[in-house]
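Peer 1: So the sequences go chain by chain: A and B.
Residue 484 in the numbering used here sits at position 260 of the first sequence; the count goes up by one each step and never skips.
Residue 303 in the numbering used here sits at position 310 of the second sequence; the count goes up by one each step and never skips.
Treat the hints as calculated values from the structure; they're not laboratory data.
Take these hints with a grain of salt, some might be off.
Among the chain A residues that face chain B by a calculated CB cut under 8 Å, a handful are [as the list claims (entries may be wrong)]:
1) 263
2) 280
3) 284
4) 293
5) 343
6) 351
7) 366
8) 396
9) 407
10) 486
Glycine residues also receive a C-beta, built at the ideal position from the N, C-alpha and C atoms.
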Amino acid sequence: MTMTEERPPPQEELARQALGAPKRGVASRIASKTGGGFVQVFLVLIAIFWTVPTIGLFVSSLVGARSSGGWWTFLLQPAQLSLDNYSSLLDNGELVGSFINTVLITVPSTLGVVLIASLAAYAFAWMQFWGRDWIFLIVIGLLVVPVQVGLIPIAQLYGSVGIFGSVVGVVLFHVAFGLPFAIFLLRNFFSGIPRDLLEAARMDGASEWTIFRRVVLPLGLPAIASLAIFQFLWVWNDFLIALVFASRDVQPLTVFLQSQTRQFGESIDVLAPGAFLSLIVPLAVFFAFQRYFVQGTLAGSVK
Amino acid sequence: MTEDEPGLGSKGQVATAGGAAAVGTPDKQPGLGRSWWSLAYLLPALFLLGVVVLYPILYTVVRSLFDKAGDTFVGLDNYGVFTDAATLTSIRNNAIWVVVAPIVVTTLGLIFAVLTERIRWASVFKLLVFMPMAISFVAAGIIFRLVYQADPNQGVANALIVSVHDVFAESSSYPGAKPRGEAELGGVDGGFETTSTYGAGDTVALGLVGFAPNDVEPGAQPASEPSGGDTLQGVVWLDFAPGGGGEEGAIDNDELGLPGVVVQAVQDGAVVATTETGADGAFSFEGLADGDYTLALPRENFREPFNGLAWLGPALITPAIIGAYIWIWAGFAMVLIAAGLAAISREALEAARVDGATEFQVFRKVTMPLLAPVLIVVMVTLVINVLKVFDLVYIIAPGSVQDDASVLALQMYRVSFGGANNYGLGSALSVLLFLLVLPAMAFNIRRFRREQS
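Same shape as in the complex, but just chain A (with noise of 0.2 Å):
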C-alpha cells in the first residue's frame, strides 16, 4: 500500500540501504570467518534443541504405551511405529466431537471478528462523528485487558440470559475480545489507502456501503487475511475461555485434551496423538500463510 505524505516511500529508503554494501577490514573478515564455524554450529545445536521436543510428540503418538524406552528408541526399532494410535482417536467419540467443536467455535469466532472489525475500522478511519479520537483510545487501551477480568461478570451474564455453555457464548466471548487488536489493525491499514481513491468513488456517487465494499475491503485484503489467520489461531489455540464457558458436550480439543492429562502415563496413547492433531492445523495454517501471520505477530504486539 501507499504511505502517507510525511514519510519517505518504503522501496526508495530499502533502496538506498542495499546499496551501501558492508566495506569490512581484512581482520575482521578473518574474524567472522572463522567465528562463523561456531556460529553456525550453535544455531544448529539451537535448531535441533527447538526441533526435539514436537519430534518427540510425534513419535511418542507413533510409538505410544508399548514402547518400554523412550521415544527415540525409534531410530533402532523403527518397526515399533504404527498408526494405530491414530486410527483409535477416529473411533474416540468424544476426541472427534471435541474436533467438531473446536471448529464451530474457531470458524464463526474468526468471520465475526473479521466483519465486526472491518466495519468499525472504516468508520474510525474514514468517517467524521463526535468523540471518533477517543474512543478509539480507549479501544487502544481494551488491548492489554486480561481476559481474567471478563471470567466471573460473563459468566454470570450468560447465566441469566441462558447461554452459559453454549458455542454461541463461548464465540461472543471470542469476539468481543478479539475486537480491540482487530479495530486497531484494520483501522491503521485503512487509513493508509490513498484519500484521492475515495473521493474519486465518492465524485462517482458512491454510497458509504459501496466504497466500503468495493474499494477498502479489496485494498484491506492483506491486512484482513493477517487479522483472519491471527485471530483463527489465537481461537483455536484458545483454552481458558473455552475452560470456562463450554459445558462438557461443546467442549473443544484444548479442554478435551486438557482432561486426559490427569492420568498422563496412562493416557499417553490418546494425548500424543491428540496434541498432534490439535497442532497440526495451526501449523498448517502457519506454513501456508506465514508471511501475514509473522506481519500480524509484527502489528500486534503488546497486546
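Given the coordinates of chain A, assemble chain B onto it according to the supplied hints.
Peer 2: Leaving out everything else, chain B in the frame of chain A:
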C-alpha cells in the same frame, strides 16, 4: 502500510514494532463520511466491547468488594486475603516469571536475530524457532510433559542430563546391595566395613544380598574362596542361591562371585590399600605390610544410579514451565528484533566502521541504541503476556504440585471456578491482574498518540 510485508525470510522494514501503527490520521475534512451513518458501522463493535469487555471491568471492581456469595459488602477484605499462603506463592511465582521469562526470551531473541544475519539458512532457522508460536499452550504443555518425564527412559530432558552425567561419573555396579547380616559387615557412610580385623594369610568371605542374580555382571563366575597364599585375601559373593537351599554365610555351589567390587584395607581409619574383585569375586592384597586391617566396601559400589532431576517436582516446577515458555516465545522476540535490525540504516554502521570501531563497538554503540525501541516493545509485550500466563502452568504442573507452581491467573481460576466458587476473591485477583497491566495500557496509548502527532 508497506509494500514489502515482513515475512520470516524477507527483510521487512518494520522499524518500530507494531509497524502498522505508524500511519497518519486521515485529515478531518468536512463532508467525508456522514456522522449518522457511522453509527451503523460502529454499533456492533461498540455493543460487544461495551457488554463483554467494558462492563466486566466495572463489575469486577465492584464484585471484588463483596463476599463469596455476593450479597454482603466486605470492603477490601478480599484484598486482605492476598496474604494467605496460596496467594503469596502465586504472587511470588508471578514475580519470578515476570523477571526471568521476558529477559531470557528477549536475550535469546537478540542473539538469534544477530547470529542469523550471518548464515545462509537463516530463514529455515527462523521458521523452526518461530514455529512453536503457532501452536497452543495446551499442545506445548503436553509436549513438555513428555520432555520432563521423570524416568530417563521416557523423558528426553532426563535422558540427556543422565547421559551427560554418566560420562563424568561412573555408575556403580551394585546399587542397593547390603550384607546378609550386620554382624560381620557394619554399615559405614553408605558403604560397609568388617567389624573384626584381619592380617596377612587370613581369608575373608563377604556375602552380600539385596539384588537379583540377573543384575550381576554377565561375566561373573561361581564364587570360589581363595585358599593358601600368605596375603590378606577373600571373596565377595552374592550369598543367595537361586531356587533356595543355600546355607547362609557359606559359599554354595551355584552362588555367583561379584566381580568389580572395590575392596579397601583400612588401618586406624585410613585406607591403606585398595583392590578389586575378579570374575569369581576373589580378591587379595599383595605386598601389604603386616598388621591388623579391617576390610571396607566403600559406598561407590552401592550408589544408586543418577536418574536425572525431578522437573515436575515442587522445587523445579516453575523453572521447568518457564523453560517451556521460552521455547514458545523466543521466536517471537527473534522475529521482531530481526525486523528491527533490518531497518537499521547501513550508513550509520558504515560510518562507525570507517571511524575504526570494532564490530563489538559498532554493536554496542550503534546497533543497540537504535534497536532499543524494538527491545522495549518486545519486553513490554512479554511482560503483559507473562502476567497472564495460565494454560502452560495448568497443563504442565501435575495436580500434586499445582500449589507450588501457581500463578495469579491460575489462582484466580481456581478460587472462582475450581470448586470454591469464591467470586469475591476471584474478582479481587482479576482486579490485581488488571492493575498490573495498566502501565502497559498507558504505554500503548502514549505510543499511539506520539505516532499520530
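Peer 1: Would you mind marking each hint as holding or not holding in the structure?
Peer 2: For each hint, the structure was consulted:
| no. | hint | in the structure |
| --- | --- | --- |
| 1 | 263 | holds (5 Å) |
| 2 | 280 | holds (6 Å) |
| 3 | 284 | holds (6 Å) |
| 4 | 293 | holds (5 Å) |
| 5 | 343 | holds (4 Å) |
| 6 | 351 | holds (3 Å) |
| 7 | 366 | holds (6 Å) |
| 8 | 396 | holds (6 Å) |
| 9 | 407 | holds (6 Å) |
| 10 | 486 | holds (7 Å) |
The structure meets every hint from the earlier list without exception.
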